[in-house]
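Spelled out from the first residue to the last, the chains are:
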Amino acid sequence: MSFAWAKQYEPQSAFTKWLDEKLPFPRLVYNAVGAGYPVPRNLNYMWNFGVLAGFCLMLQIVTGVVLAMHYAANQAVAFGTVEHIMRNVNYGWMLRYAHANGASFFFIVIYLHIFRGFFYSSYKAPREMIWLLGVVIFLLMMATAFMGYVLPWGQMSFWGAQVITGLFTAIPLVGEPLQVWLLGGFAPDNAALNRFFSLHFLLPFVIAGVVILHIWALHIPGSSNPTGVEVKQESDTVPFHPYYTAKDGFGLGVFMILFTTMVFFLPNALGHPDNYIEANPLSTPALIVPEWYFYPFYAILRAFTGDLTIPFTGIVLIPAKLLGVIAMFGSILVWFILPWLDKSPVRSGHYRPLFRKFFWFGLIPTMAALFYLGGAHAEEPYIMLSQIFTAYYFMHFLVILPIISQIEVPKPLPFSITEAVLGKDKAVEAPRAGTVDGTDAGTATDGSLQPAE
Amino acid sequence: MSIRLGGIIAGLAITLVLVLWSLAPGVYNFAFGPAPEKQPSYAFYEHGEGPAGGFSFDGAFGKWDYAQLQRGYQVYKEVCSACHSLKFVAFRNLQDLGYTEAEVDAEAASWTVPGIDPATGETTTRPGEPTDYFPMPFPNAIAAAAANNNAIPPDLSLITKARHDGSNYVYSLLTGYGEADPAKAAKVGFETPDGLYFNKHFPNVNIAMAPPLAVDGQVTFADGTASTIPQMATDVAAFLTWTAEPSLVERKQTGWFVIGFLLFATVLAFLSYKQIWAGLKPKKG
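Protein sequences appear in the order of chains A and B. Quick note: the first sequence uses my numbering, first residue -16, plus one each step. Quick note: the second sequence uses my numbering, first residue -13, plus one each step.
Keep in mind the hints are simulated off the structure, nothing from the lab. Quick caveat, the model's predicted, so the values are computed rather than measured. Some hints could be false.
Unchecked claim - Have a look at the derived ranges for each label pair, beta carbon to beta carbon:
id: 1; chain 1: A; residue 1: P348; chain 2: B; residue 2: A132; range: 48 to 56 Å
id: 2; chain 1: A; residue 1: N173; chain 2: B; residue 2: G101; range: 24 to 32 Å
id: 3; chain 1: A; residue 1: K394; chain 2: B; residue 2: F47; range: 48 to 56 Å
As the list claims (entries may be wrong) - Residues of chain B placed beyond 10 Å of chain A at every Cβ, according to the derived structure:
id: 4; residue: A29
id: 5; residue: R112
id: 6; residue: Q204
As the list claims (entries may be wrong) - Simulated pairs of lysine to aspartate or glutamate, EDC-like, Cα-Cα distance not exceeding 20 Å:
id: 7; chain 1: A; residue 1: K(-10); chain 2: A; residue 2: E4
id: 8; chain 1: B; residue 1: K238; chain 2: B; residue 2: D51
id: 9; chain 1: B; residue 1: K24; chain 2: A; residue 2: E362
id: 10; chain 1: B; residue 1: K24; chain 2: A; residue 2: E363
id: 11; chain 1: B; residue 1: K63; chain 2: B; residue 2: D51
id: 12; chain 1: B; residue 1: K73; chain 2: A; residue 2: E(-7)
id: 13; chain 1: A; residue 1: K326; chain 2: A; residue 2: E111
id: 14; chain 1: B; residue 1: K49; chain 2: B; residue 2: D202
id: 15; chain 1: B; residue 1: K63; chain 2: B; residue 2: D167
Every residue, glycine too, gets a C-beta built ideally from N, C-alpha and C.
Taking the hints into account, I'd like the entire structure generated from these sequences.
So this is what it looks like as structure tokens:
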């Protein structure tokens, strides 16, 4: 499954020839991330973050597995075993800080990856499945990160678990029993801590599985690119290795410098001081907040302050809490239908003047504001602001995108990636010069090539 | 098309519910409702800046001042330990402060820890050993609360990480005792309840802890340093920074090695990236 001009794996030694017959694993790697995967030649640095996210996942699994060797998921000792890791385990402090900051950096990378997808419409056909799997990965990450934050059993761990599982009580009829069932008790306790640990260990491997599907789905149409014009010919692509392995290697270096700066010099800057106080069910913190990467969704949750009532009758149709829960989950679930909401045939935001304005002056400031408001005290004017920005958030995806994709006049697209990069493309003068084997099989109506299976 | 139509309807519905049932009443309340009540104590809180000149371990190149850590330990031992535990720190850890093994043995033995009589099996007490952890000043939380006007003295092992800007916070708190400005207090009807103490650097300014460092010279430092209140507060704040994060200096030093290596590797990665792409990129202009 690749373009017809993709290089083929040729085993050199007797051993690799033998292995290629029995289990062609090197061939798989070669075709997936090696010289056998042709990639558009014009990818910018925003295309680094997929590889970086994969690196973060591996980093979290490696540090996490070692931390689990020293941690005990028991309410009486969990907080103490974390301190044991910090004080007595060789380089335990480095492992734990790398794991805690690794979660933050994983989310930074994923948010940039997602916003790359928003701007360049990476979710559009033929890449809907990649996008859908990506949203599934993001949801799994949120669940994993939430449960991981509970494990140190500090004040924010405990009260965060209390608030988040409390969301389920908003569901009519089954809500309260559901929360008790999820926690294994009436409040976060040993049963909850134990199952959260079990699931926190399991889910990263589930994520890894979905990541494999995500990459598999990516290799069917191949990577998108900043022009949004599909690959038409061999001159539009370069082999992933060595071109993008080298570029991603540089990106990884920059990422590691920023990451280690946080780990070694500001390891607690992204955390909350209250989580260094052992969980105490009798003492509620002044401000209960989740980890910073959940702030936008927490802001959306808290934005709904009024019950939906029938005016002047006092009959409550939907309580405020349930509205908030629906909106919070809805704010991510809406991404699932994004490929069908935005019907503009043009992918890249560079060629969409109206879309681009709403992206830079609408969506990005809204996300920045929600990030700030989710961590703020629940008092005015923060509540009003979070309501205004929450409203824009839903308007942007559900109303503005469908309408602008209908009325917008896109700018002219380059003929090909080659033309976009070099300013001219020989294929324009002699059409089809770059197509393969002279056949029309797999050629889409817009002249782009569909990779052969 | 139907997905888009459904989306537009759903988007407008969410916005309508949010604006009419949540935002509108909020705006009305904000404009015409009563102003939110603020506790009068907020008028007296002042953010503490920490000791003049900062701490030796501040900054990316910060290092421990071992003499200061030893003085801080002495303040903890002679003052704080009467009420505050240090349960995540063992006597053996004191070697990090520059004490020799023999000094740690002697220091451990100067503390009394719970033990078991080897002959009868009954609970008793014995001198501490380096492997023991610092003992708890109270047998349980109820006893701690009963002895302290219903406030449980927090464990100090992690206190500088459990408070925002913790090292400076501890210093400020220890030096923040005093009297509320009487004119201002009379105006807003503020008074410190019986059994509590006014401290302008404590979040709600009335704290249950009596001023622990009351007079200059309260502790006689073994190294002869003049024990003013700010000096004792600085030293014990430094000591409690060490108890919260014994690896702080090692962490920063390791960080410089790691980042130095990564800078080197990243420059190499950049050069190889440029070389590999050299033939492909069009010339500018």
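Cross-check of the supplied hints:
{"no.": "1", "hint": "P348/A <-> A132/B: 48 to 56 Å", "in the structure": "holds (54 Å)"}
{"no.": "2", "hint": "N173/A <-> G101/B: 24 to 32 Å", "in the structure": "holds (30 Å)"}
{"no.": "3", "hint": "K394/A <-> F47/B: 48 to 56 Å", "in the structure": "holds (52 Å)"}
{"no.": "4", "hint": "A29", "in the structure": "holds (17 Å)"}
{"no.": "5", "hint": "R112", "in the structure": "holds (23 Å)"}
{"no.": "6", "hint": "Q204", "in the structure": "holds (28 Å)"}
{"no.": "7", "hint": "K(-10)/A <-> E4/A", "in the structure": "holds (18 Å)"}
{"no.": "8", "hint": "K238/B <-> D51/B", "in the structure": "holds (15 Å)"}
{"no.": "9", "hint": "K24/B <-> E362/A", "in the structure": "holds (12 Å)"}
{"no.": "10", "hint": "K24/B <-> E363/A", "in the structure": "holds (13 Å)"}
{"no.": "11", "hint": "K63/B <-> D51/B", "in the structure": "holds (18 Å)"}
{"no.": "12", "hint": "K73/B <-> E(-7)/A", "in the structure": "violated (62 Å)"}
{"no.": "13", "hint": "K326/A <-> E111/A", "in the structure": "holds (12 Å)"}
{"no.": "14", "hint": "K49/B <-> D202/B", "in the structure": "violated (27 Å)"}
{"no.": "15", "hint": "K63/B <-> D167/B", "in the structure": "violated (34 Å)"}
Figure legend: structure checked against the earlier numbered hints; hints not met, in rising order: 12, 14, 15.
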